[in-house]
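Asker: The residues making up each chain are set out below.
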Amino acid sequence: MTASLTLGPVLFNWPVDRWRDFYARIADEAPVDTVIVGEIVCFKRAPFFAEAMGEVVERLTAAGKTVWLASPILVGSERERSAMRDLVSADAGIVEANDMGALALLAGRPHAVGPTINVYNEATLAWMAERGAVAVSLPAELPAATVAALAKAGRELGVAVEVQAWGRAPLAISARCYHARAHGLHKDGCQFVCGNDPDGLPVTTMDGQPFLTVNGTQTMSHGCLCLTAELPALVGMGVSRFRLSPQAMDMVRVAEAFRAVLDGRRDGAEVAAELGGLIDAPLVNGFYHDTAGALRVA
Amino acid sequence: MDNFELICPAGTPAALRAAVDAGADAVYLGFRDETNARNFPGLNFTRQDVADAVDYAHARKVEVYVAINTYPQAGNLGPWQKAVDDAARLKVDAVILADPGLLAYAAKRHPDLRLHLSVQASAANVEAIRLYRDAFGVRRVVLPRVLTVPEIAKLNAEVDVETEVFVFGGLCPMAEGRCSLSSYATGLSPNKQGVCSPATHVRYEQRGGALASTLGGFTINVFGEGEQAGYPTLCKGRFVAGGAPAYLFEEPTSLNAMDLLPELKAAGVHALKIEGRQRGKAYIGAVVRAYREALDSFAAGRPVPHIDLQAMVEGGTQTTGAYTRAWR
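Just so you know, the sequences run in chain order Z and E. Residue 1 is where the first sequence starts when you use this note's numbering, and the numbers rise one by one after that. Residue 299 is where the second sequence starts when you use this note's numbering, and the numbers rise one by one after that.
For the record, the hints were derived by calculation from the structure and aren't laboratory data. Note that beta-carbon positions come from the ideal geometry of N, C-alpha and C, so glycine has one too. Be careful, since some hints might not be right.
Said to hold, decoys possible - With beta-carbon atoms standing in for the labels, derived distance ranges:
#1 P601/E x G184/Z: 32 to 40 Å
#2 D300/E x T61/Z: 36 to 44 Å
#3 A92/Z x V602/E: 36 to 44 Å
#4 E78/Z x P601/E: 26 to 34 Å
#5 P31/Z x G522/E: 51 to 59 Å
#6 D383/E x A145/Z: 32 to 40 Å
#7 K359/E x D188/Z: 39 to 47 Å
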């Protein structure tokens, strides 16, 4: 299987030193092909990472990784808008758009479409291809039949289709910060409490069942998407890229395990059992199997 | 001063007549299938219902918009394209779409059909709105509920597309069309099936003296004795995130921006939208009448009257939502 691995952007608010070290180790050790970098969840966090961005991109590039910068998910305010415009104009390489505004600015040059832009069907995929999209990362909630139809269309259009195969699923974005709200704060005076939770803030039901994860303005699944067992079928459909979304865990080991499955050296189910032991969350694949995303279908 | 256009919901022909009679400028509705984002049992319009609705509304100089605002299913675009074709054939005044592929189809196949961008497309900035205008000729954008009034004003100063904002009814705390919470708990989503927190996956359980509501097996709320139980919409549930159980995302509350009419006018907003295609004709009639009165009073230069809509709001509380910065 010749499919490639993409490391998605770090979605959590890690201290910048941890963030820098994480990417240094990815550069040195992780068998991923593309690394997508950028603070896409919260505009307020971005300045912390700006200082290390150049160094991280350089390090990854020197190690032979393809590095793409990612645009923010929600762009409403003037400051968010100008940051989006700066990103698109400053970087001559591929930018992954996560909002239709960035997609607008990237028209006519090769670019990527991130999983928070709604690509649900071949007509939309074709429209994006016409405008210069070279890779599209599909929303997490799409079932196998939809992925298959889009992968087929992608091959015909010359657009690489990507599926998230590891990590908590992004489920929603808001103008409101739930991390701040959970601490009795407002977004404007948030005290960056999201920094206390490197894997997000666990949300349980009133009877104690783990359910969701709050990451600032973003809401994610509690369950960790894992499609190791589905990889052969996905590759068969023509999906050529698999996204690993960083969690506060050994992502080098995750990447090695996925690479081994793609190369036919290891069995997907066996790898899932191993990786499941590395994260404090159940592994889920329900979206792919056209049922509740929180479920795991054997 | 030009008055706002008042855009009102209808889930049934009776609700449509109630909205028209109460003073709507336009009524929006959906076909009876997965092509619209309020795909609930017993709701929505057959093709003949829409033909009758157009006759009734047009005879009274009221417009009809059809929402075809879910995301068409890959490999099965037919039902969505046919919905657009039928809306054009039935001479509705606009279709409300979200999916770029479907917008491209509508723009090409029906160049005279007026296109509105659904809130489900979540176009929250000038660049995104210009894209929909330039690519598809979109004439109006329903803004997502993530912007403050000052942000809306800045946006309107830069785009020559009409904007429409929600002023009353149910409130998504999440950016619309970008939420898979319901899908995570039930497998059914607003984007795919046009449903959120569907009744098919809701259970109520008595637990001692308490009543629990669950969605897809997840407890969304537990009501003690004397507490009024509500429907378990996922983002309006009580959860635990490090402390005591709390309404983490949003309280069970309704948007009511009537007090903001002057600010919304100054911000350049063209049309005001009432949420609630799932509501009955009595509710629709009462809310539309109240807003008609407020708008006419405001347009005539009189103060916006204080009209009590307390009986119409979810959970008995009202909010101005994202329009004010403190909500964030």
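Asker: Are the hints correct? Go through all of them and say.
Answerer: Now the hints, each set against the structure:
{"no.": "1", "hint": "P601/E x G184/Z: 32 to 40 Å", "in the structure": "holds (36 Å)"}
{"no.": "2", "hint": "D300/E x T61/Z: 36 to 44 Å", "in the structure": "violated (55 Å)"}
{"no.": "3", "hint": "A92/Z x V602/E: 36 to 44 Å", "in the structure": "violated (52 Å)"}
{"no.": "4", "hint": "E78/Z x P601/E: 26 to 34 Å", "in the structure": "holds (32 Å)"}
{"no.": "5", "hint": "P31/Z x G522/E: 51 to 59 Å", "in the structure": "holds (54 Å)"}
{"no.": "6", "hint": "D383/E x A145/Z: 32 to 40 Å", "in the structure": "violated (25 Å)"}
{"no.": "7", "hint": "K359/E x D188/Z: 39 to 47 Å", "in the structure": "holds (45 Å)"}
In terms of the numbered hints stated before, the structure departs from hints 2, 3 and 6, listed from lowest to highest.
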